[in-house]
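S.K.: What follows is each chain in one-letter form.
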Amino acid sequence: MTKLHRSIGKFFGVILLFGLSAGASAQMTINGAGATFPYPIYSKWFDEYAKVDSSVRFNYQSIGSGGGQKQISAQTVDFGASDGPMSDENLARAPGKILHIPTVAGADVVAYNLPGNPALKLDADAIAGIFLGQLKKWNDPKIAGQNSGVTLPDQEIVIVHRSDGSGTTYIWTDYLSKVSSEWKEKVGTNTSVNWPTGLGGKGNEGVAGQIKQTPGALGYVELIYAIQNKMPYAEVKNAAGNFVKPTAASITAAMTTAQIPDDFRFSITNAPGATSYPICGATWLLVYERQKDAAKGKKLVEFLKWALTKGEVIAKDLDYAPLPNDLRERVLKRVDEIKM
Amino acid sequence: MPPPSRVGDKVFAWFALAMALAVVALVFLVGWQLARGSAVAIQKFGLRFVTGSTWDPVAENFGALPFIYGTAVSSLIALIIAVPLSIATAIYLTELAPSWIRHPLVSLIEMLAAVPSVILGLWGIFVMIPWLRSFAFPLLKKIFGWAPLFSGPIYGVSMLAGGIIIAIMILPIVTSVSREILRSVPNLQREAAYALGATRWEVTRIAVLSYAKKGLFGAVILGLGRALGETMAVTMVIGNTPQIRASLFAPGYTLASVIANEFTEATSDTYLQALFEIGLVLFGITIVMNLLGRLLLRAIGSTSATRAVQ
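Protein chains in written order, with our numbering: chain A, 1 to 340; chain C, 341 to 650.
Do not take every clue at face value.
Claimed, not checked - In silico DMTMM-like cross-links for lysine to aspartate or glutamate, where the CA-CA straight-line distance does not exceed 20 Å: (1) LYS97/A to ASP336/A; (2) LYS305/A to GLU329/A; (3) LYS186/A to ASP396/C; (4) LYS184/A to ASP396/C; (5) LYS481/C to GLU156/A; (6) LYS97/A to ASP262/A; (7) LYS305/A to ASP53/A; (8) LYS44/A to GLU302/A; (9) LYS186/A to GLU531/C; (10) LYS296/A to GLU48/A; (11) LYS184/A to GLU400/C; (12) LYS333/A to ASP317/A; (13) LYS296/A to GLU337/A; (14) LYS245/A to ASP263/A; (15) LYS97/A to ASP263/A; (16) LYS333/A to ASP262/A; (17) LYS178/A to ASP396/C.
Simulated from the structure, these hints should not be mistaken for laboratory data.
Please take these sequences and the hints and turn them into a complete structure.
M.R.: Here you go:
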């Protein structure tokens, strides 16, 4: 009997020790959920921030913007994340005032597959015409007219769009709604829409896969995805009439010139300004203005400030576009207003 | 000696009953939850939901007919391809194959069942689709191009591609179940047929297949159940376009795929409700198909019985 009892005693002793040591170094966990587009940069931020403040740990689930909005409204997470701003209807339903904190921005690029993959230039008319199913051939004058010197084949354009609901589609349809009244009326803006034409691919990888394999294909993917996969993408004519290549700088330029309201629920597609890329959008963190848990709220505010200053520098390394300085100052001021 | 206690038996019987009832309860709970989640959509759209063919999340106008059509057609294609292949494989394995072929073949087929859906989907995108687009589909079009089923432009991603992927996915289960059923045919049957001077083919046809008919049909129903619900791999190759086209080369969409695609980013209530209702429709179709299968099974059973009497 003694042997058994002794080992049981030891077992409990060990458990007790573990319990004590765990209690001593208790880490606070801040939970978040939402958008998939900023997931790589957010996880990088949480990693880096662990070195700054080891007493807090972030747990982020990239379940999609819809889930992020739902969970912050239901208060099952400490912060939400979304690629599109919340609607008035959904905001009204939340138990408290929710702030939109823009973090970084990205762009949709027009990727294509043509023999030799020449550099292409496209304007709003051409893009809207293609996606409305009115421009059917590559050598249509509306495309060829802007690309003198490029021989475009007499081939049908195979259009590829996202089939899954996504912030990428939201940005894309938001842009088309702004530049084409016909699109706005027939299709509209959303994370998924009733497409007039084209094939649906699941995720950036699904769209990219179909473009790469189908001669004559054209579609939209995230800039970051196109860069990492070395896909050719077009320069797009912006509102000022210049052809602009999508880069972190031209996205930040769009945020500089766009009209941004005080609740930060903005759209930066088709922004004015000579160097703005027209098809881009920001992503937001969603937090309550009045934090229920003072200790957690304080840590969250500290993190937000770090992310908007130091974090923005890291963003560029991962090809995300940082906020322009004046917008950042405005957002930081708002973060200061979060009450415990 | 006192008689053995019956307490254990009773406990076991009650426990087993509770478990069996839990499964039934689970089915009802799923159905109830789906109905509750889509109550508003059911009220708002009524029958239009299953007859309408517009799926417009912006205008919040939802009709699921193209998805129902896509699920039915892709599953049908899958059965047309997979059933003959599976049953022929099962016959070969039980009636003809020497054991040095049988054992590796059986484990290979079972391994196919273990391939994750996403992997098959990726294989579909990068290997199957290019092959279909540049070789198989043009060939089909050349031979059968006069039929509306094989006309129109070829993109690769299509209803037919979706059906082929599902066929690959249900092949292992239909084969395994069919094999078990053929194995359970008593040897007496075969010996009796041989004794009457039947050839091998006749033995298989008369003694084995007609005896196992009912069970084989059950295997097909099991395969259909899986086919209706396949999601990931199908989504990756079917083209995700909610439309009803005669051509199998045209892209389509299935009920399971649209849920997987749109659920995560749906923010408005009506939209979510509509997706829940899609789930309810899929749930209903699966149950109805299974019930129909059972009824058919009973019908087959009675015909073979009457034939035996005659």
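S.K.: Are the hints correct? Go through all of them and say.
M.R.: Each hint tested on the structure:
Simply put, LYS97/A and ASP336/A have alpha-carbon atoms about 15 Å apart, close enough for the 20 Å limit, and the pair holds. A distance of roughly 10 Å separates the Cα atoms of LYS305/A and GLU329/A; the hinted pair therefore holds under the 20 Å criterion. Of the pairs offered as hints, the one joining LYS186/A and ASP396/C holds, with about 10 Å between alpha carbons and a cut-off of 20 Å not exceeded. Between LYS184/A and ASP396/C the alpha-carbon distance is near 13 Å, which keeps this suggested pair within the 20 Å criterion.
Proximity of LYS481/C to GLU156/A is assessed by CA-CA distance (about 19 Å); at most 20 Å being required, the pair is judged to hold. Of the supplied pair hints, the one linking LYS97/A and ASP262/A holds, its CA atoms being roughly 14 Å apart against a limit of 20 Å. Distance hint between LYS305/A and ASP53/A is fulfilled; the C-alpha atoms sit about 13 Å from each other, no more than 20 Å. A hinted pair counts as satisfied when its Cα atoms are at most 20 Å apart, and LYS44/A with GLU302/A qualifies at roughly 17 Å.
Between LYS186/A and GLU531/C, the direct Cα distance comes to roughly 70 Å. Violation of the 20 Å bound is thereby established for this hinted pair. A distance of roughly 19 Å separates the Cα atoms of LYS296/A and GLU48/A; the hinted pair therefore holds under the 20 Å criterion. Using a Cα cut-off of 20 Å, the hinted pair LYS184/A and GLU400/C holds, with the two alpha carbons roughly 15 Å apart. Among the hinted pairs, LYS333/A with ASP317/A is inconsistent with the structure: their alpha-carbon atoms are about 26 Å apart, more than 20 Å.
Of the supplied pair hints, the one linking LYS296/A and GLU337/A holds, its CA atoms being roughly 15 Å apart against a limit of 20 Å. Between LYS245/A and ASP263/A the alpha-carbon distance is near 29 Å, which puts this suggested pair outside the 20 Å criterion. Restraint check: the Cα-Cα separation between LYS97/A and ASP263/A comes to about 11 Å, which is no more than 20 Å; the hinted pair holds. With a C-alpha separation of about 11 Å, the suggested pairing of LYS333/A with ASP262/A holds against the 20 Å cut-off.
Only pairs whose Cα atoms come within 20 Å are accepted, and LYS178/A paired with ASP396/C is accepted, the gap being roughly 19 Å.
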